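Residue numbers (this note's numbering), protein chains in the order written: chain C, 1 to 411; chain H, 1 to 466.
Keep in mind the hints are simulated off the structure, nothing from the lab. Since we're looking at a predicted model, the values are computed, not measured. Here a beta-carbon is modelled for each residue, glycine too, at the ideal position from N, C-alpha and C. Treat the hints loosely; a few may be bogus.
Unchecked claim - A short, non-exhaustive set of chain C residues, derived as facing chain H with CB atoms under 8 angstroms: (1) Thr90; (2) Ser91; (3) Val224; (4) Ser226; (5) Asp306; (6) Thr358; (7) Gly362; (8) Met389.
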Amino acid sequence: MSGTLVELEAACPAGARPAGEADRVDGVDVELVAYPRSAPEVAAALAVAARHALAVVARGAGTKLDWGYPPERAGLVLDLSHMSGVIEYTSDDLVVRVKAGTPLSDLAERLSGAGQRLAIDEVVPGSTAGGAVATGACGPLRHAYGAVRDRVLGMTVVRPDGVVARAGSKVVKNVAGYDLAKLFTGSYGTLGVLTELIFKLAPLPAARLFVSAPYPGTAEVGPVLSALLRSQAAPEALELSRTLPDGRVELCALVEGRQGPAEARAATVAAALSGGEVSPSAPSWWGCLPGPVTVKLTTVLSAIPDLAAQASEACAALGLTGTLRGSAGVGVLYLGLPAETERGAIATLLAELRRAVTAAEGHATLLRAPAATKAGLDIWGPVPGLELMHRVKERFDPGRLLAPGRFVGGI
Amino acid sequence: MTDPVELATYECDGLTNFRARPAVAVLARSAEEVETTVRVCARLGVPFVARGSGTGLSGGAVPVSDGVLVVTAKMRSVLSVRPDDRRAVVEPGVTNIDVSRAAAPYGLFYAPDPSSQQVCSVGGNVAENSGGAHCLKYGFTTNHVTGLEVVTPEGERVELGGMAPDTPGYDLVGAFVGSEGTLGVATRVTVRLLPLPEAVQTMLAAFADMDSAGRAVSAVIAAGLVPSAIEMMDALAISAVEKAVRCGYPAGAGAVLIVELDGPRGEVEPGLAEARRICEEEGAFEVRVAAGDAERAAIWRGRKAAFAAMGRLSPSYIVQDGVVPRSSLAEVLHDVAALSEQAGIKVANVFHAGDGNLHPLVLFDDQAEGEEPRAEELAEAILGLCIARGGSVTGEHGVGLHKLAAMEKMFSADDLATMLLLRSAFDPDGICNPGKAVPAPRLCGEPPRPRHGAHPLQEAGVGEIF
Numbered sequence: 001m002s003g004t005l006v007e008l009e010a011a012c013p014a015g016a017r018p019a020g021e022a023d024r025v026d027g028v029d030v031e032l033v034a035y036p037r038s039a040p041e042v043a044a045a046l047a048v049a050a051r052h053a054l055a056v057v058a059r060g061a062g063t064k065l066d067w068g069y070p071p072e073r074a075g076l077v078l079d080l081s082h083m084s085g086v087i088e089y090t091s092d093d094l095v096v097r098v099k100a101g102t103p104l105s106d107l108a109e110r111l112s113g114a115g116q117r118l119a120i121d122e123v124v125p126g127s128t129a130g131g132a133v134a135t136g137a138c139g140p141l142r143h144a145y146g147a148v149r150d151r152v153l154g155m156t157v158v159r160p161d162g163v164v165a166r167a168g169s170k171v172v173k174n175v176a177g178y179d180l181a182k183l184f185t186g187s188y189g190t191l192g193v194l195t196e197l198i199f200k201l202a203p204l205p206a207a208r209l210f211v212s213a214p215y216p217g218t219a220e221v222g223p224v225l226s227a228l229l230r231s232q233a234a235p236e237a238l239e240l241s242r243t244l245p246d247g248r249v250e251l252c253a254l255v256e257g258r259q260g261p262a263e264a265r266a267a268t269v270a271a272a273l274s275g276g277e278v279s280p281s282a283p284s285w286w287g288c289l290p291g292p293v294t295v296k297l298t299t300v301l302s303a304i305p306d307l308a309a310q311a312s313e314a315c316a317a318l319g320l321t322g323t324l325r326g327s328a329g330v331g332v333l334y335l336g337l338p339a340e341t342e343r344g345a346i347a348t349l350l351a352e353l354r355r356a357v358t359a360a361e362g363h364a365t366l367l368r369a370p371a372a373t374k375a376g377l378d379i380w381g382p383v384p385g386l387e388l389m390h391r392v393k394e395r396f397d398p399g400r401l402l403a404p405g406r407f408v409g410g411i
Numbered sequence: 001m002t003d004p005v006e007l008a009t010y011e012c013d014g015l016t017n018f019r020a021r022p023a024v025a026v027l028a029r030s031a032e033e034v035e036t037t038v039r040v041c042a043r044l045g046v047p048f049v050a051r052g053s054g055t056g057l058s059g060g061a062v063p064v065s066d067g068v069l070v071v072t073a074k075m076r077s078v079l080s081v082r083p084d085d086r087r088a089v090v091e092p093g094v095t096n097i098d099v100s101r102a103a104a105p106y107g108l109f110y111a112p113d114p115s116s117q118q119v120c121s122v123g124g125n126v127a128e129n130s131g132g133a134h135c136l137k138y139g140f141t142t143n144h145v146t147g148l149e150v151v152t153p154e155g156e157r158v159e160l161g162g163m164a165p166d167t168p169g170y171d172l173v174g175a176f177v178g179s180e181g182t183l184g185v186a187t188r189v190t191v192r193l194l195p196l197p198e199a200v201q202t203m204l205a206a207f208a209d210m211d212s213a214g215r216a217v218s219a220v221i222a223a224g225l226v227p228s229a230i231e232m233m234d235a236l237a238i239s240a241v242e243k244a245v246r247c248g249y250p251a252g253a254g255a256v257l258i259v260e261l262d263g264p265r266g267e268v269e270p271g272l273a274e275a276r277r278i279c280e281e282e283g284a285f286e287v288r289v290a291a292g293d294a295e296r297a298a299i300w301r302g303r304k305a306a307f308a309a310m311g312r313l314s315p316s317y318i319v320q321d322g323v324v325p326r327s328s329l330a331e332v333l334h335d336v337a338a339l340s341e342q343a344g345i346k347v348a349n350v351f352h353a354g355d356g357n358l359h360p361l362v363l364f365d366d367q368a369e370g371e372e373p374r375a376e377e378l379a380e381a382i383l384g385l386c387i388a389r390g391g392s393v394t395g396e397h398g399v400g401l402h403k404l405a406a407m408e409k410m411f412s413a414d415d416l417a418t419m420l421l422l423r424s425a426f427d428p429d430g431i432c433n434p435g436k437a438v439p440a441p442r443l444c445g446e447p448p449r450p451r452h453g454a455h456p457l458q459e460a461g462v463g464e465i466f
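Full structure from sequences and hints, please.
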């Protein structure tokens with residue numbers, strides 16, 4: 001191993017070291033950690049890994065390494081914390097180019113100085129830009145601003161064979177070539193290592209108002225949601241939260257805009273929520289992904305109330321407590337359960353929820369759980385187009401060097 | 001269809017100078033028929049090209065000589081409109097405008113609105129990732145498609161994405177949209193519908209010169225306003241449209257901007273007032289705000305007639321589609337003018353200023369000795385300006401056959417090779433719209449060629465280019 005370490009130190013002069021306990025990837029032992037500072041250093045480290053048949057996991061802040069399956073092997077962790085910072089920011093263009101290891105909070109601070117923001121919620125505290133893109137993790141703002149995939153204009157990736165490739169560009173309109181940035185967004189580090197990202201930005205609004213209202217159960221929520229989605233008040237986000245199995249259902253809409261018009265719109269939203277309370281501050285749960293065990297549910301909009309009811313009933317039947325929360329205007333809900341939730345209960349719950357989401361034309365995936373819980377469970381569920389995905393993986397990473405087994409279908 | 005006379009209809013798309021005659025055109029009526037056709041092609045190793053309405057502007061739907069052309073224009077059913085789910089499911093031959101028509105009774109619309117929306121098909125929009133005049137605010141086709149049924153180049157019918165967001169796995173919908181028909185044939189498309197905005201306001205601002213208009217665009221974007229559209233025309237373009245449609249733009253304008261905002265009334269009105277103030281600060285000498293739909297249509301009339309009106313200025317022209325960062329608009333327009341003067345060839349500018357998407361029209365006389373190559377050189381030099389500023393060689397027209405050479409200037413060989421990895425995953429035998437969109441290694445790309453004559457849709461009086 002020491003020879004490999006020497007090679008890695010040459011590839012990444014800023015540092016390489018034997019891995020410790022804290023470097024384990026979702027329970028999987030790691031042999032070495034390297035700290036590249038640039039795409040060429042990432043490429044050099046990948047070459048070392050390929051030579052020594054070490055599987056590679058890219059790590060930003062390491063906040064979502066337990067999403068997906070544990071990798072089959074993880075010989076080398078590429079820690080991108082030395083690749084942090086804004087490379088190019090022309091605020092007049094509302095476009096920023098950053099290194100992948102840049103923490104979202106650092107970026108937010110830099111952008112807010114110019115009255116702008118990324119419009120991607122930091123749903124897991126501490127996340128980096130690269131981690132958010134690799135997992136596609138986002139929160140309430142996707143209602144108005146789209147998901148991560150809709151905010152990424154371009155990127156630089158290092159392929160497992162060391163080739164550095166660029167996709168997209170730093171302009172907001174571009175149809176030149178394949179939109180590889182879409183392919184890499186949400187690919188869980190299985191196709192390449194993201195090193196640079198270009199995002200489209202949004203102006204920070206002058207006024208932000210949160211309109212909240214509680215309801216006794218899911219039955220009361222249905223008519224309110226459909227009235228709100230039809231109203232011209234058009235809130236910028238619409239979240240639902242419920243303590244399971246049978247807590248009150250809270251709806252909270254975000255209205256953003258100019259001082260004055262935003263207040264007027266918030267009043268309209270409050271009326272649509274049949275008596276919502278308007279506040280300048282968000283409820284404590286806003287934008288927080290429930291967990292630590294998290295099931296992600298997707299659905300058509302009209303099935304949100306039914307799905308929320310079924311999730312509640314399924315938890316009640318299993319005697320589970322937890323939290324159901326998500327973007328009711330988008331069709332994404334997250335079910336959070338305590339860490340100690342039994343594996344058998346999770347398996348039964350997942351099966352129940354898969355039945356429920358079939359009617360809702362969506363999917364149920366076990367986004368995050370202890371490795372022991374995930375072992376032997378089908379965490380991803382049915383995946384349309386899986387055969388093509390295998391072929392994409394085969395072309396980009398024929399040696400299965402990158403996070404093997406972490407993604408859908410064993411990819 | 002194999003009759004040579006009938007096949008002539010399908011020789012080209014909206015860019016008429018690339019032509020090829022297929023051996024067979026199949027007018028498919030269903031996904032099954034597309035599947036059967038592609039399967040036969042795959043078995044025999046015969047290249048095929050999918051075609052919707054044929055309105056593309058980059059030669060993307062030009063057939064392969066003696067190959068098969070799969071025409072989806074007859075698959076025009078709106079399969080479902082689900083207002084409570086804000087989705088519609090349509091066949092690929094449905095015209096873009098028909099999606100919004102089907103959604104309108106529910107107070108909803110389909111946001112992408114390419115200029116050819118009366119005739120262009122949703123399948124073609126998926127292939128080209130079409131935008132439209134309002135993509136500044138609403139984005140492109142890729143932001144509005146959640147699911148696809150696709151016949152792969154090997155003749156398999158597969159579902160990608162779906163009705164709900166975030167289908168697990170790679171975002172193959174995102175990879176497929178904008179792939180210019182090289183990854184398969186879309187046979188069913190699920191799109192997002194949006195509520196019709198409460199208010200729409202449109203303003204025309206006239207400036208003495210392009211510099212000040214360009215600065216106004218940058219200032220509007222920098223101020224954090226998100227208009228649904230910002231369009232610009234220069235003096236040459238204005239003079240052409242005045243001759244053609246007498247739109248009555250302010251006399252003496254060196255440039256005009258059209259700025260449109262939509263959304264909740266309470267946000268739109270102050271937004272427009274702010275945009276107006278910015279334009280006036282940057283030197284607008286006259287500002288007109290449309291009082292209603294009729295006045296809005298009058299403001300847009302000149303802009304929409306611009307390409308068709310170019311015939312009044314010049315027998316031939318080359319149109320480019322490059323994109324630059326919005327903050328560099330004034331500077332780039334300045335450089336374009338300098339290049340034009342240097343070459344002694346006129347350039348009219350009509351474009352989507354809000355997102356930095358230039359449409360310089362390089363005007364020349366194809367009968368005049370040596371003008372055509374000089375015009376081509378100038379058009380290429382303008383693309384060079386876009387690339388030098390980190391922009392794109394095509395904002396909306398696509399690569400097709402037309403911009404293969406330009407792709408090699410914008411991207412490195414490694415970038416292009418990486419794109420081809422995706423292509424080979426979908427189309428290992430290379431029979432699906434071969435030779436388009438991404439240049440193959442060592443290919444000597446076609447130089448940009450001028451347009452000869454009007455777009456077939458303009459000639460037929462059913463469409464405009466803008």
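Hint check:
1. Annotation: Thr90 (chain C) was flagged as interfacial toward chain H, and the flag holds, the nearest CB pair being 5 angstroms apart, inside 8 angstroms.
2. Taking 8 angstroms as the C-beta cut-off, the interface hint given for Ser91 (chain C) holds, the closest approach to chain H being about 7 angstroms.
3. Because the closest C-beta pair between Val224 (chain C) and chain H is about 14 angstroms apart, greater than 8 angstroms, the hint is violated.
4. Below 8 angstroms, beta-carbon pairs count as interface contacts, and Ser226 (chain C) has one with chain H at about 6 angstroms; its hint therefore holds.
5. A hinted interface residue such as Asp306 (chain C) counts as satisfied when its beta carbon comes closer than 8 angstroms to some beta carbon of chain H; here the least separation is about 12 angstroms, so the hint is violated.
6. Evaluation of the Thr358 (chain C) hint against chain H yields a violated restraint, the C-beta minimum of about 11 angstroms exceeding 8 angstroms.
7. With its C-beta approaching chain H no nearer than about 4 angstroms, Gly362 (chain C) sits inside the 8 angstroms limit, and its interface hint holds.
8. Interface restraint check for Met389 (chain C): the shortest CB-CB distance to chain H comes to about 5 angstroms, inside 8 angstroms, so the restraint holds.
Of the hints listed earlier, those the structure fails to meet are numbers 3, 5 and 6, in rising order.
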